[in-house]
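Colleague: Now for the letters of each chain:
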Amino acid sequence: MIWPSAVRRKHDDSDPEARAFAQARDADRCRGGAVTLPKPEGAFGPPPSIPYNIRMLHTAFSILVSSEMKRKIPQNGDSAGRRQFIPCGDHACFGIVGARRSAASQAALLMLAILLSLGGCSSYKPPDFKLNLEGRDPTRVKPAQREAIEEMLTDLFGTPDDPRVPPGLDLDLSLLQRAAGPIGRDITGTERGLFRKHCVVCHGISGDGAGPIAEMLNPYPRDFRQGVFKFTSVAGGAKPLRSDLLRTLKRGLPGTGMPSFSPLSPEDLDALVEYVRYLSIRGETELFLLRTVVDENEPLPLQRRFVLEEGVRPIAALWRLAEEQPGQYVIVPQRPKLSPQELAAAIERGKALYQETRAQCVKCHGPDGRGDGSETELFDDWNKAKKGITDQQTRELAKWFALPLQSLRPRNFHDGLFHGGGRPEDIYLRIYIGIPGTPMPAAGPAPGTPGVFTSDEIWDLTFYVLSLARRTSSVPEDVTVSAGASEKLR
Amino acid sequence: MPQKGEKSVKQRGNSPSHRAGSARPLDVPRLPHYLAWALMATVFPLIWMGGLVTTYNAGMAVPDWPNTYGYNLFLYPLESWLKTWDVFLEHSHRLIGATAGFLTIALLWSLWVHDRRPWMRKLGIAALIGVSLQGTLGGLRVVGREILLANIHGCAAPLFFAFTVSLAVFTSPRWRRRERPADDEQNADENFRPLRHSIPAAVIIALPALVYVQIVLGAQLRHLPSESAPGWSFLWTILHLTVAALLPIRWAACYRFAAGVPAALGLRRWLQVFGWLLAAQIALGLGTWVVNYNFPRWFHDWVMVIPYTVVQGGLLQAIVTTAHTATGSLLLAVATAYALWALAATENPPPVYGSASRHAETST
Chain Y
4 MIWPSAVRRK HDDSDPEARA FAQARDADRC RGGAVTLPKP EGAFGPPPSI
54 PYNIRMLHTA FSILVSSEMK RKIPQNGDSA GRRQFIPCGD HACFGIVGAR
104 RSAASQAALL MLAILLSLGG CSSYKPPDFK LNLEGRDPTR VKPAQREAIE
154 EMLTDLFGTP DDPRVPPGLD LDLSLLQRAA GPIGRDITGT ERGLFRKHCV
204 VCHGISGDGA GPIAEMLNPY PRDFRQGVFK FTSVAGGAKP LRSDLLRTLK
254 RGLPGTGMPS FSPLSPEDLD ALVEYVRYLS IRGETELFLL RTVVDENEPL
304 PLQRRFVLEE GVRPIAALWR LAEEQPGQYV IVPQRPKLSP QELAAAIERG
354 KALYQETRAQ CVKCHGPDGR GDGSETELFD DWNKAKKGIT DQQTRELAKW
404 FALPLQSLRP RNFHDGLFHG GGRPEDIYLR IYIGIPGTPM PAAGPAPGTP
454 GVFTSDEIWD LTFYVLSLAR RTSSVPEDVT VSAGASEKLR
Chain D
702 MPQKGEKSVK QRGNSPSHRA GSARPLDVPR LPHYLAWALM ATVFPLIWMG
752 GLVTTYNAGM AVPDWPNTYG YNLFLYPLES WLKTWDVFLE HSHRLIGATA
802 GFLTIALLWS LWVHDRRPWM RKLGIAALIG VSLQGTLGGL RVVGREILLA
852 NIHGCAAPLF FAFTVSLAVF TSPRWRRRER PADDEQNADE NFRPLRHSIP
902 AAVIIALPAL VYVQIVLGAQ LRHLPSESAP GWSFLWTILH LTVAALLPIR
952 WAACYRFAAG VPAALGLRRW LQVFGWLLAA QIALGLGTWV VNYNFPRWFH
1002 DWVMVIPYTV VQGGLLQAIV TTAHTATGSL LLAVATAYAL WALAATENPP
1052 PVYGSASRHA ETST
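Listed in order, the protein sequences are those of chains Y and D.
Read in order, the letters of the first sequence correspond to residues 4 to 493 in this note's numbering.
Read in order, the letters of the second sequence correspond to residues 702 to 1065 in this note's numbering.
Treat the hints with care, since some could be wrong.
Unchecked claim - So, partial list: chain Y residues that the calculated Cβ filter (under 10 Å) puts toward chain D:
1. Lys128
2. Pro163
3. Asp189
4. Gly192
5. Lys200
6. Phe232
7. Pro257
8. Leu267
9. Pro269
10. Ala347
11. Phe456
Claimed, not checked - Think about it this way: if two alpha-carbon atoms lie no more than 25 Å apart in a straight line, the pair counts; the simulated DMTMM-like pairs of lysine to aspartate or glutamate are:
12. Y:Lys389 - Y:Asp298
13. Y:Lys389 - D:Glu928
14. Y:Lys387 - D:Asp1002
15. Y:Lys389 - Y:Asp140
To be clear, the hints were calculated from the coordinates, so they are not data collected in a lab.
We treat Cβ as the ideally placed atom computed from N, Cα and C, and that holds for glycine.
Bound conformation, chain Y alone (with noise of 0.2 Å):
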């Protein structure tokens, strides 16, 4: 697909000799032309049981052995100079026959040995999922427990590298495919292991929003592990859509440390979306196992039937039915054009709005709403957990957790910064949905609720809350839609 000259050239159908190179090296990453067999397992390079230095110093002998095939050609012979496999150890290379290493290779293969000696205290290890035990004391599970569960969810869902699609679920195994895995592309040009070159750096392997530099970040990256996600457009503390996450993706979050990824290809961004998805799921399963397991004692060993109809699938249908039902998600009516005397009266209803009880906007934001009000012990859902009553309690619960406390600021309007975007649109979502995971509530009807704000009153605090702002969030120019305003609307 992306390099077709290079591709079509080794894997040239009519040449036998371009095939088994061609094979070879799909079979196993390329090494400068030389090329291992059999088939490793795991995605890429030699099966990891065999040392590091071993393997290292068996690429550097095919490099040698492959750079020397041109000029060390013997003149005499059959097989000679002919490209072929060529038994190497327990394996074989793929060389030249005949091809001698000169003075000058040996003294770089001695070189390499050295150099790889130092680097000897590594060796990539296929990396694995995290069992969630957050917020618990881990010597309350048991090894057989632990063991348990993390088959289980093997089985059921692969590995970071290697994932795999529970029946009944709803998740594309080829997107899936791109996202997971090391860094890369392959010998076809194709490129993998999006999540980890974009993503893993704050999100963590396992999605649990612990990733290396996630202590840094305030607010902390999302662990998708609960399957909840702050900014969406379905009602009820539904699970969000494709788009919704996918909107994330494209716009960032202004203000945080989440990135636009709006550079990305649709195909890419479709990916990480599939994939988020299947963390999230996945870390749901993993809630119920450790709930199950763990909580209830359900004996061992699990039954696969058992685990995918009363845990996958359940999961699996909250997250098709923000899609398939159209009532469950939030459709924003179109924005009131209003006369500069009709926009100043919304302003007004909207403040009057604001300051009722009922709204219970004063109470976290400030009768200005500069993030003042009374309401100063704040936390989302993910970090509600670690706070103890007393500060001592607090300090013993953080032993149980990758990150520590963190609180919740309420939202100060006057700076103009909104997480989840600063258009009129935006807010009305907010206001709408609420913030899901947070204190923030809903002020719309969602099924089953009968809502605290009707449309109208919605745009009327939308607007009053965006006359506070003295600028909006910057977005990515593709995506915005009303820079500046919150001047328009002063």
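Mind docking chain D on chain Y? Use the hints.
Modeller: Leaving out everything else, chain D in the frame of chain Y:
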């Protein structure tokens, strides 16, 4: 550096303080010096390209090595090379690296032919070994998919760049003039006579050493393994910030020392360049955080609220982040040049290799 050296020779010709004669240019071949400059000028863009490779996570865009998608490195089709951004970056990085390798070979050859200083030839061999090791490290990072090797590769690059700077210094006419014996009236450089209060070498070397420590710390942040615990990034960041705070202090101390040496040596100029680069580097460092992770909350609380959205893979992010990496290497290069000239100013003149070899050299 060398140009400055030549310039100062002319200046000193009219200076009353320079009474050692007309100081006419040395009759030594300039080819090694030009090649050392060419190598240095190649390695810097190579570092830029390597930085872009890391910024765009393009290190594995080409899955094989030393070939590129089965092609010989130099025969990879232009169309394919220019088609995909990350492949373009990685393949270009390899090509520039190969160019640096060829230039190193040429430099070694020129040193062998034109430079009779045995230690200089050894440095030439060291350069060849260095560039080979660095290239091999890069290749093994690809075939072994080792982020640790990427880390070492990234740390070694500025070191090699600094080494090429030292080669350019050692082959410069000004340095060669310094090596003349004191009785060589015509070519002796009076400025290089030992200072009254010599500074310990360790104090001088501390500046480039500190810069290098900072580069290594930065590399740890750039090459965080995906499974490392969150605490590591915090530790590296704190250490990185600490050394960033120490560097201006170290620089100021060096500048104070440089005030006591003859201006013609150019130490102050090196330190001025270093100072400007350091200021730019600190600004770039802060910018790197912002374009990657946005403004920190304390900035919003205490300074001002800037509604900014990070754009992953955006031009601003790529340029600022990579410029921070490249400027770090440039700082090391300037600090190395400063340290070499400062050492030359404070230490005794180097041993003379004998008049026979010297005459043979000048007649080459």
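Colleague: Does the closest beta carbon of chain D sit nearer than 10 Å to the beta carbon of Y:Gly192?
Modeller: holds (7 Å)
Colleague: Does Y:Ala347 pass the interface hint, meaning its C-beta sits closer than 10 Å to a C-beta of chain D?
Modeller: With Cβ-Cβ at 25 Å, over 10 Å, it is violated.
Colleague: Y:Pro163 was flagged as interface toward chain D. Is the shortest Cβ-Cβ separation under 10 Å?
Modeller: With a closest approach of 9 Å, the Y:Pro163 hint holds.
Colleague: Could you grab the alpha-carbon distance between Y:Lys387 and D:Asp1002 and see if it respects the 25 Å cut-off?
Modeller: holds (23 Å)
Colleague: Holds or violated: is there a CB of chain D closer than 10 Å to the CB of Y:Lys128?
Modeller: holds (9 Å)
Colleague: For the hint on Y:Leu267, does the least C-beta distance to chain D fall short of 10 Å?
Modeller: holds (7 Å)
Colleague: Verify the interface restraint on Y:Phe456: the C-beta must sit less than 10 Å from at least one C-beta of chain D.
Modeller: violated (26 Å)
Colleague: Does the nearest C-beta of chain D fall within a distance shorter than 10 Å of the C-beta of Y:Pro257?
Modeller: Holds, about 4 Å.
Colleague: Against chain D, is Y:Lys200 within 10 Å by beta-carbon distance?
Modeller: holds (5 Å)
Colleague: Minimum Cβ distance from Y:Phe232 to chain D below 10 Å?
Modeller: violated (18 Å)
Colleague: Mind checking the alpha carbons of Y:Lys389 and Y:Asp298 for me, to see if they're no more than 25 Å apart?
Modeller: Given that 25 Å is the threshold and the Cα spacing comes to 19 Å, the pair holds.
Colleague: Taking only the CA atoms, is the gap from Y:Lys389 to Y:Asp140 under or equal to 25 Å?
Modeller: holds (13 Å)
The structure shown violates the earlier hints numbered 6, 9, 10 and 11.
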